[in-house]
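Engineer: So the chains spell out like this:
Number of protein chains: 2
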Amino acid sequence: MNYHQESYTGKITRKVNKKLRIVDVAAGRQKADLVLKNASYVNVFTNEICQGDIAVAEGLIVGMGAYSGEVEYDLSGKIVLPGFIDAHIHLESSLVSPKEFAKAVLPHGTTTVITDPHEIANVMGTDGIEYMLQATADLPVDVRFMLPSCVPATPLDESGAILDYRSIDSFYDHPRVQGLAEMMNYVGAINADPNVIEKIVAAQAHHKKIDGHAPGITGNDLNAYIAAGVYSDHECSTLEDAIAKIERGQFIMIREGTAARNLEALLPLLTPQYADRCMFCCDDKHPSDLLEKGHIDYQVKEAIAHGVDPILAIKVACHHAARYYLLNNRGAIAPGYLADFVIIDNFRDFRIEKVFKRGELMVEDGVVADFPAPEVDPYLVKKAHDTFHVAHLTAQDFQDPRPRGVIGLVPGEIASRDMGYAERIDTEKDILKIAVIERHKNTRHIGIGYLQGYGLKTGAVATSISHDSHNIIVVGTSEEEMALAANRVVENRGGIVVTADGTVTAELVLAIAGIMSDDTLENVNRDLEAAKAVAISQGVNPGIDPFMTLSFMALPVIPTLRLTTRGIIDVNTQQYI
Amino acid sequence: MNYHQESYTGKITRKVNKKLRIVDVAAGRQKADLVLKNASYVNVFTNEICQGDIAVAEGLIVGMGAYSGEVEYDLSGKIVLPGFIDAHIHLESSLVSPKEFAKAVLPHGTTTVITDPHEIANVMGTDGIEYMLQATADLPVDVRFMLPSCVPATPLDESGAILDYRSIDSFYDHPRVQGLAEMMNYVGAINADPNVIEKIVAAQAHHKKIDGHAPGITGNDLNAYIAAGVYSDHECSTLEDAIAKIERGQFIMIREGTAARNLEALLPLLTPQYADRCMFCCDDKHPSDLLEKGHIDYQVKEAIAHGVDPILAIKVACHHAARYYLLNNRGAIAPGYLADFVIIDNFRDFRIEKVFKRGELMVEDGVVADFPAPEVDPYLVKKAHDTFHVAHLTAQDFQDPRPRGVIGLVPGEIASRDMGYAERIDTEKDILKIAVIERHKNTRHIGIGYLQGYGLKTGAVATSISHDSHNIIVVGTSEEEMALAANRVVENRGGIVVTADGTVTAELVLAIAGIMSDDTLENVNRDLEAAKAVAISQGVNPGIDPFMTLSFMALPVIPTLRLTTRGIIDVNTQQYI
Numbered sequence: 070m071n072y073h074q075e076s077y078t079g080k081i082t083r084k085v086n087k088k089l090r091i092v093d094v095a096a097g098r099q100k101a102d103l104v105l106k107n108a109s110y111v112n113v114f115t116n117e118i119c120q121g122d123i124a125v126a127e128g129l130i131v132g133m134g135a136y137s138g139e140v141e142y143d144l145s146g147k148i149v150l151p152g153f154i155d156a157h158i159h160l161e162s163s164l165v166s167p168k169e170f171a172k173a174v175l176p177h178g179t180t181t182v183i184t185d186p187h188e189i190a191n192v193m194g195t196d197g198i199e200y201m202l203q204a205t206a207d208l209p210v211d212v213r214f215m216l217p218s219c220v221p222a223t224p225l226d227e228s229g230a231i232l233d234y235r236s237i238d239s240f241y242d243h244p245r246v247q248g249l250a251e252m253m254n255y256v257g258a259i260n261a262d263p264n265v266i267e268k269i270v271a272a273q274a275h276h277k278k279i280d281g282h283a284p285g286i287t288g289n290d291l292n293a294y295i296a297a298g299v300y301s302d303h304e305c306s307t308l309e310d311a312i313a314k315i316e317r318g319q320f321i322m323i324r325e326g327t328a329a330r331n332l333e334a335l336l337p338l339l340t341p342q343y344a345d346r347c348m349f350c351c352d353d354k355h356p357s358d359l360l361e362k363g364h365i366d367y368q369v370k371e372a373i374a375h376g377v378d379p380i381l382a383i384k385v386a387c388h389h390a391a392r393y394y395l396l397n398n399r400g401a402i403a404p405g406y407l408a409d410f411v412i413i414d415n416f417r418d419f420r421i422e423k424v425f426k427r428g429e430l431m432v433e434d435g436v437v438a439d440f441p442a443p444e445v446d447p448y449l450v451k452k453a454h455d456t457f458h459v460a461h462l463t464a465q466d467f468q469d470p471r472p473r474g475v476i477g478l479v480p481g482e483i484a485s486r487d488m489g490y491a492e493r494i495d496t497e498k499d500i501l502k503i504a505v506i507e508r509h510k511n512t513r514h515i516g517i518g519y520l521q522g523y524g525l526k527t528g529a530v531a532t533s534i535s536h537d538s539h540n541i542i543v544v545g546t547s548e549e550e551m552a553l554a555a556n557r558v559v560e561n562r563g564g565i566v567v568t569a570d571g572t573v574t575a576e577l578v579l580a581i582a583g584i585m586s587d588d589t590l591e592n593v594n595r596d597l598e599a600a601k602a603v604a605i606s607q608g609v610n611p612g613i614d615p616f617m618t619l620s621f622m623a624l625p626v627i628p629t630l631r632l633t634t635r636g637i638i639d640v641n642t643q644q645y646i
Numbered sequence: 070m071n072y073h074q075e076s077y078t079g080k081i082t083r084k085v086n087k088k089l090r091i092v093d094v095a096a097g098r099q100k101a102d103l104v105l106k107n108a109s110y111v112n113v114f115t116n117e118i119c120q121g122d123i124a125v126a127e128g129l130i131v132g133m134g135a136y137s138g139e140v141e142y143d144l145s146g147k148i149v150l151p152g153f154i155d156a157h158i159h160l161e162s163s164l165v166s167p168k169e170f171a172k173a174v175l176p177h178g179t180t181t182v183i184t185d186p187h188e189i190a191n192v193m194g195t196d197g198i199e200y201m202l203q204a205t206a207d208l209p210v211d212v213r214f215m216l217p218s219c220v221p222a223t224p225l226d227e228s229g230a231i232l233d234y235r236s237i238d239s240f241y242d243h244p245r246v247q248g249l250a251e252m253m254n255y256v257g258a259i260n261a262d263p264n265v266i267e268k269i270v271a272a273q274a275h276h277k278k279i280d281g282h283a284p285g286i287t288g289n290d291l292n293a294y295i296a297a298g299v300y301s302d303h304e305c306s307t308l309e310d311a312i313a314k315i316e317r318g319q320f321i322m323i324r325e326g327t328a329a330r331n332l333e334a335l336l337p338l339l340t341p342q343y344a345d346r347c348m349f350c351c352d353d354k355h356p357s358d359l360l361e362k363g364h365i366d367y368q369v370k371e372a373i374a375h376g377v378d379p380i381l382a383i384k385v386a387c388h389h390a391a392r393y394y395l396l397n398n399r400g401a402i403a404p405g406y407l408a409d410f411v412i413i414d415n416f417r418d419f420r421i422e423k424v425f426k427r428g429e430l431m432v433e434d435g436v437v438a439d440f441p442a443p444e445v446d447p448y449l450v451k452k453a454h455d456t457f458h459v460a461h462l463t464a465q466d467f468q469d470p471r472p473r474g475v476i477g478l479v480p481g482e483i484a485s486r487d488m489g490y491a492e493r494i495d496t497e498k499d500i501l502k503i504a505v506i507e508r509h510k511n512t513r514h515i516g517i518g519y520l521q522g523y524g525l526k527t528g529a530v531a532t533s534i535s536h537d538s539h540n541i542i543v544v545g546t547s548e549e550e551m552a553l554a555a556n557r558v559v560e561n562r563g564g565i566v567v568t569a570d571g572t573v574t575a576e577l578v579l580a581i582a583g584i585m586s587d588d589t590l591e592n593v594n595r596d597l598e599a600a601k602a603v604a605i606s607q608g609v610n611p612g613i614d615p616f617m618t619l620s621f622m623a624l625p626v627i628p629t630l631r632l633t634t635r636g637i638i639d640v641n642t643q644q645y646i
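Chains as they are written, first to last, in the working numbering: chain E, 70 to 646; chain P, 70 to 646.
Take the hints with a grain of salt, since some may be wrong.
Because identical chains cannot be distinguished in the list, a pair is counted as satisfied if it fits within a single copy or across any two copies.
As the list claims (entries may be wrong) - Listed below are the simulated DSBU-like cross-link pairs for lysine-lysine, each with C-alpha atoms no more than 30 angstroms apart in a straight line: (1) LYS423 - LYS80; (2) LYS100 - LYS498; (3) LYS147 - LYS452; (4) LYS451 - LYS87; (5) LYS277 - LYS87; (6) LYS80 - LYS451; (7) LYS100 - LYS80; (8) LYS451 - LYS510; (9) LYS84 - LYS147; (10) LYS277 - LYS498; (11) LYS423 - LYS452; (12) LYS526 - LYS100; (13) LYS80 - LYS277; (14) LYS423 - LYS498; (15) LYS277 - LYS84.
Treat the hints as calculated values from the structure; they're not laboratory data.
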């Protein structure tokens, strides 16, 4: 059926036809498509475990009670939960396509995620948003969107696109767009920057949500940020910060991701006083983390292990995000809700035995049923695989006779220290050269500086994952190796490259916008872990993640020193040094 | 400013301009319009009483903390609550215009009501809905609409209009329309009647709410009703009924109105286990009840008096309805929310000292500030005052040689008994003649029957309030008196008339669609109470309400016998007798 040719009356009659069957099945006049017999299920409305058959028709739950169905599963002794919702994730952080991401999270019970495609939008602008919309259509994990609010992240960034409110406005009509993503420019919001305020106002004019990102702001600044129209925050790392925001009406997304982990600090929110205003999210989730730890299920398990009431933990994992985002047909087990189920053995072991999406059994004992990859417009596929516009680089491009600032790494942190100036590479003193190469518009802008504390003793490391503009970052023990590594990244149309002695010693190809792979999650993880091992074998300090650490080096909002395409900047003074 | 000539960009810039000031005031860079100093206020998010100044700009709360303003009130020792919300009311039941209604409820702290204009819609169809939308524009009580779902109430009714889904569809675009009102035809919904289902589906297609009305249905029937797409219920009179609905995901509106009072039975819902899914409503509220008892404040006071946690009672009275209806900027005291405040002395006495609407002081010590009546299109005003299309009636019209069924009144109930047949009026045996006169389309349809238990000894009583079609109901001791009373109702363009000995002994004029007065609430109440006294002095049983009892006589959904414009029907068999 081509919905584009459908009239309004046609749409109504199509939906009536489906609804009539739903009512017939609910009333017991027709057999259900699926019945979960003898289920114990979490009732998020009465805050208790209920018993009964759960009947499904047309992908929706139609009733609980006594039913028979074409397909029946006896769930005696098991517990049925609503499918989990990740309230805020950048899908790109998984380094794989949305289909691969879905395959990875389904066994963990995730059936809906709300994504902010701001990584790809920084590379491809609105084409990147559209690419992700198409690449997530009809996946067995529903992917809903928040539109990137800060592209570029700062005026200092040379990104692939600049998105003002007009650029993104038409996306609000898309049925899977829920609002405006994390307003990272909280300084702009508090100071009534019209470019920030108009983005918020436009989202409100479309009756959409606006997510926040404002760690640690307090008092009247916090009032101003919320009064501007920001409804949530996922950056709380202290209980005090979270409670101040809840008091003023914000919803809190308790984050447990790869780069930032706040669950433990925020556990006291998971009590009847506050939990209504809380949901779970991961923000960023890297391949190994997805494969080893899991997803929202991990947060639920941890919460329960720390003594949180299991029913409350489940509500935080599904119902609250659904209500916040006005996704009224999910996050509960009741008539009219999506038949998204997670079947577990018990709350203590929390072994996920089956996962259903819209009434389809998608996971059984960890095995994911096959499903097609959404078709993306060939024009967009081509564009997504052609995002590097950089002329061939030579060692000469990285030469610089003048002294440059030295960024000092701090193990275990993404903040850096100001280590003065250097004039040349000195591996004995662990002084490496670092460069950021503008790669979107062939401007030949190359910012050069020095890095201390990385540890590399030979060769170079380059990556096109560099927040948020995703220019190429390269660190090397010589300018020749830097050129080799960076050129190889361009040749590969993106990814991570490690070189030594004039050859590539390890690489991960990320050909979708330079930040995601066309390969499987397992292969991406294998290549990534192998590259990490090679980088460490070439001297990188084992106490730091060789690539993630670099990926934050060009983000000019994290103190102290950062490197942009125009040189080293002191984040505190916002001055080039 | 003529918003009809505003472009989208114009709308955004207008809102940006306002938002910039809000942020400036919140951040403390500009003075607030209003500050409630030293306030103790109910924080619905943290479930506690908080302290601080509450700052207001542009009608919105901008922050809590330390602020100064152009106008300041020291509220030391007082408690500030968010304005109350009535989740379901037929404004017409107050018998006055929306402006008069607003004047009556403001001193009780009501700042938002959700109305279903189904009384006027039964008379005037979509013109009636539009009349109410215009008559409620910019009132200091926000009036939001649910579109009537059942006009006429049943196929047996001869109403002024028949509204299918297409007739009401364009109203969903109106910014004050929240959805589809109480789906009273639950039998149709459960039995998958396409005319019912298409109304629900259309409301869902507009992402709107659908309210329910289904007393006592259970099991798979209840599943079917909810699976059809009905999200709430306000007809629960037992705890069991309410919990069955909450379990299946419905929201419960705890009703305390004039005709039906369910608060006491449903008090156990007001506990942490269930209260999240509950709100307050009155459904119908007659003049004396409004003047003497109050409104939502009455429910809050009663709940607290019965031991309910005051903060929880307040949440039920404002926040929960706001969230259910997606009115995201009210029902709480926090930045970005409407500056709708109720100031009380304490929870025990619960004396409402001040009421603010959008930052304006509207009530002080019971005195309501003056405000203009919304302007209604003259075409609609004229139409609303010309809804009687009935030829002059004579005694002959009420003559009938054949025996007719006798409706037996049951004191204290609206249900009736089947008392057999009668052939003539016999006041000795309390057998009166009753007639329903079709009054919308001059069909000359007059249904005739007999009534026992009413008690009238002389004259007649006629009313044009007769649910839901609002035809004229007349009861009399003679056909001449019946003609006199009914003709006088028509002459008055609606209302209530009592006659005796060939003259009008009391009357209440309701010239707006025959169901609402152009006069003040106080005058309407005075005339109504006077008419009641006259009717009782003419013999009407003092144990029944002389007019409300009659107003349900033509509603063919309440057992046992009812009188339609085509004669007496047995509601249980749906057969004319």
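Engineer: Between the shortest in-copy and the shortest cross-copy C-alpha distance, which are at most 30 angstroms for LYS80 and LYS277: within, between, both, or neither?
Structural biologist: both (23 angstroms within a copy, 16 angstroms between copies)
Engineer: From the Cα coordinates, with 30 angstroms as the cut-off, is the pair LYS84 and LYS147 best called within, between, both, or neither?
Structural biologist: neither (34 angstroms within a copy, 52 angstroms between copies)
Engineer: Are the CA atoms of LYS147 and LYS452 at most 30 angstroms apart within a copy, between copies, both, or neither?
Structural biologist: neither (47 angstroms within a copy, 63 angstroms between copies)
Engineer: Between copies, within a copy, both or neither: which fits LYS100 and LYS80 at Cα up to 30 angstroms?
Structural biologist: within (25 angstroms within a copy, 51 angstroms between copies)
Engineer: Using 30 angstroms as the alpha-carbon threshold, which applies to LYS277 and LYS84: within, between, both, or neither?
Structural biologist: both (24 angstroms within a copy, 15 angstroms between copies)
Engineer: Reference check for the pair LYS277 and LYS87, CA-CA at most 30 angstroms: within, between, both, or neither?
Structural biologist: For LYS277 and LYS87, the Cα distance is within 30 angstroms both inside one copy (28 angstroms) and across copies (19 angstroms).
Engineer: With identical chains treated as interchangeable, where does the CA-CA distance between LYS423 and LYS452 reach 30 angstroms or less: within a copy, between copies, both, or neither?
Structural biologist: Neither. Shortest intra-copy (38 angstroms) and inter-copy (62 angstroms) distances fail the 30 angstroms Cα cut-off.
Engineer: Between copies, within a copy, both or neither: which fits LYS451 and LYS510 at Cα up to 30 angstroms?
Structural biologist: within (17 angstroms within a copy, 67 angstroms between copies)
Engineer: Cα distance capped at 30 angstroms. Does LYS423 pair with LYS80 within a copy, between copies, both, or neither?
Structural biologist: Intra 34 angstroms, inter 49 angstroms, cutoff 30 angstroms: neither.
Engineer: Treating 30 angstroms as the Cα threshold, decide for LYS451 and LYS87: within, between, both or neither.
Structural biologist: neither (38 angstroms within a copy, 43 angstroms between copies)
Engineer: Which holds for LYS100 with LYS498 at a C-alpha limit of 30 angstroms: within a copy, between copies, both or neither?
Structural biologist: So LYS100 and LYS498 fail the 30 angstroms test inside a copy (75 angstroms) and across (56 angstroms) alike.
Engineer: At 30 angstroms max between alpha carbons, let me know whether LYS423 reaches LYS498 within a copy, between copies, both or neither.
Structural biologist: neither (54 angstroms within a copy, 72 angstroms between copies)
Going down the numbered hints, you'll see the structure goes against 1, 2, 3, 4, 6, 9, 10, 11, 12 and 14, while the others check out.
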